[in-house]
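Colleague: Listed below, chain by chain, are the residues.
Protein chains: 2
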Amino acid sequence: MQSTQYDVLAIGNAIVDVIAHASDDFLTREGMIKGGMVLIDESSAERLYDAMGPGVEVSGGSGGNTIAGVAAFGGTGAFIGKVRDDTLGNIYRHDLGSIGVHFSTPATASGAATARCLVLVTPDAERTMNTYLGACTSLDENDIDPALVASAAITYLEGYLFDQPPAKAAFRKAASLARAAGRKVALTMSDSFCVHRHREEFLALIEGHIDILFANEDEIRALYGVEDTIEAAKIAAQHVEIVTVTRGAAGALLVDASGITEVPASEVSAVVDTTGAGDLYAAGVLYGLSRGLPLAECGRLGCAAASEVIGHFGARPQSDLKAFIAA
Amino acid sequence: MQSTQYDVLAIGNAIVDVIAHASDDFLTREGMIKGGMVLIDESSAERLYDAMGPGVEVSGGSGGNTIAGVAAFGGTGAFIGKVRDDTLGNIYRHDLGSIGVHFSTPATASGAATARCLVLVTPDAERTMNTYLGACTSLDENDIDPALVASAAITYLEGYLFDQPPAKAAFRKAASLARAAGRKVALTMSDSFCVHRHREEFLALIEGHIDILFANEDEIRALYGVEDTIEAAKIAAQHVEIVTVTRGAAGALLVDASGITEVPASEVSAVVDTTGAGDLYAAGVLYGLSRGLPLAECGRLGCAAASEVIGHFGARPQSDLKAFIAA
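Residue numbers (my numbering), protein chains in the order written: chain A, 33 to 359; chain B, 33 to 359.
Chain A on its own, in the form it takes in the complex:
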């Protein structure tokens, strides 16, 4: 087998976050479910933007955040996702390129604008997301470069993409190509609503194509329709090599053929904005796995990266995560 050029290739929605503080009352008035992600159309996005407070614009997107985290650990990364050739698209491309992530998916020259996610952070530091997918919806099979997939040790798929049929096809193509090249395929469930909407397809994808599965407690329980997280994780472990479940302040667990590994959450002095916690957990685990580190160490790196990102506004690391790697 050829040697790999990239530790991780992430395939995800290319989204610029617009992060603002909001009160619980604001969420109630807008009929939002705290902590969730909903897709909104362009006119809703404009109306909500007018209603919300001053924003901070920062590149986001779950898969993009994860690959930024892999790069912050010193790993090599690539990204496939769709922007338009507009200001936010240029910002998105810059923010990945400037940290050494390979991102060559061509931008669209017409049609919907680059995606944005209106992120409302309440005083409890919880984030509630409203995503206008814009140009992301045009990602399709043609954007999956077989040579790029074959050159990455792990191809990481963002579950949110499952809300768009052409992206779903792109997903399956990437997973098949990775497996055919002898590489690993990872998937994150992304959102429990997303799991409810696409449960059967997720189950089929996992059983047929996935080696490493990321989920939080709600997602893994929704996927297998059981109340107990450990039980759900054990079911998943029958179909994949490694399953890892994040449990917020309780840390994370990783399950493989050898059993269950529990990892405590890292200490955080003050939680400012939980956006990106799961994405950065995945970054630490993927970095560790791509470097052949023991599962407990992979989990520790994930928790460390998650604790860094929730200590500030925005979903990408502001520190060099290499400091967390044991000498």
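Some hints here could point you the wrong way.
For identical chains, the list gives no copy identity; a pair is met inside one copy or between any two copies.
Derived pair list, reagent style SDA-like, types lysine to any residue, alpha-carbon separation capped at 20 Å [as the list claims (entries may be wrong)]:
id : residue 1 : residue 2
1  : Lys354    : Gly106
2  : Lys354    : Ser55
3  : Lys354    : Pro155
4  : Lys354    : Thr154
5  : Lys205    : Pro138
6  : Lys354    : Ser339
7  : Lys354    : Gly85
8  : Lys200    : Gly291
9  : Lys200    : His241
10 : Lys266    : Ser224
11 : Lys354    : His53
12 : Lys200    : Glu232
13 : Lys354    : Glu299
14 : Lys216    : Gly240
15 : Lys66     : Val304
Don't read these hints as lab results, they were simulated from the structure.
Here the structure of chain A is known, so what remains is to put chain B in place on it, guided by the hints.
Modeller: Positioned in the frame of chain A, the structure of chain B alone reads:
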């Protein structure tokens, strides 16, 4: 005299900040003077953007930051400045409008893009700024609405505008209109290089039009060509009603006819990014003066607002500053 509709009207460059971490080596390689502000053209801005790290986009501009601070104290504010009708211009307008600041200067429909400032934050939390003025350079006398100037208790002028001749004319018009309406005029020196470039004109403006003068130690000493800050402030106080000088970690001093008032800096747990410290100090002082508070209290509010803004990335407050106002 008619009652005022606004506590403060700020006239300044409408700039979106692109904030990134950078090493001291990067500044050296790029030939930058740490802590300073330089004007760059469009091609230099593009080259530097390509070279720098991932950014966070957030509305800035010295006068814009100050008026955002006045609003965060619960004051009423208005802003005059020039953006283009592009993505960053829309972001700038949103970020002021959403905090209740009146901003009705029409955007340009062609020509240079909305201004951006590439802000590099070194590990010591110092910021070094590279500004592409873009659409700001088209601000002129026609943008000064006499009714708006007359409706504000204090018109606050950002010294950076002095780098553009049409804006200089706009400045003088606003100052004359404010005085004619029986209002106060405030000026911030903005930058010691700016003082060097325009010293004679600044002196003439101050003697002819200014009631309240803001400067830091370098600026006030450069303006009067003396080594001693107190001496420089006393000279300034012969020409204006109130002069206030910020001294970094040493706090600030305020001089009026009754003498010198010293105010200590507020405590900061961790300095993250010094961008906006002077702007937010001005916000606290202007809010206090517009509400008729004693000079020492004005200075205390200024130092409190400055300490809030240096505790996070970005130059606008992320907290409700009303908490600092004594009951």
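Colleague: Take the hints in turn and mark each one as holding or not.
Modeller: Verification of the supplied hints:
no. : hint              : verdict
1   : Lys354 <-> Gly106 : within (6 Å within a copy, 43 Å between copies)
2   : Lys354 <-> Ser55  : between (36 Å within a copy, 16 Å between copies)
3   : Lys354 <-> Pro155 : between (31 Å within a copy, 16 Å between copies)
4   : Lys354 <-> Thr154 : between (30 Å within a copy, 18 Å between copies)
5   : Lys205 <-> Pro138 : within (18 Å within a copy, 49 Å between copies)
6   : Lys354 <-> Ser339 : within (14 Å within a copy, 30 Å between copies)
7   : Lys354 <-> Gly85  : between (35 Å within a copy, 17 Å between copies)
8   : Lys200 <-> Gly291 : neither (32 Å within a copy, 72 Å between copies)
9   : Lys200 <-> His241 : within (13 Å within a copy, 65 Å between copies)
10  : Lys266 <-> Ser224 : within (18 Å within a copy, 65 Å between copies)
11  : Lys354 <-> His53  : between (30 Å within a copy, 16 Å between copies)
12  : Lys200 <-> Glu232 : within (13 Å within a copy, 66 Å between copies)
13  : Lys354 <-> Glu299 : within (17 Å within a copy, 31 Å between copies)
14  : Lys216 <-> Gly240 : within (12 Å within a copy, 73 Å between copies)
15  : Lys66 <-> Val304  : within (16 Å within a copy, 29 Å between copies)
Hint compliance for this structure: hint 8 is the single one not met.
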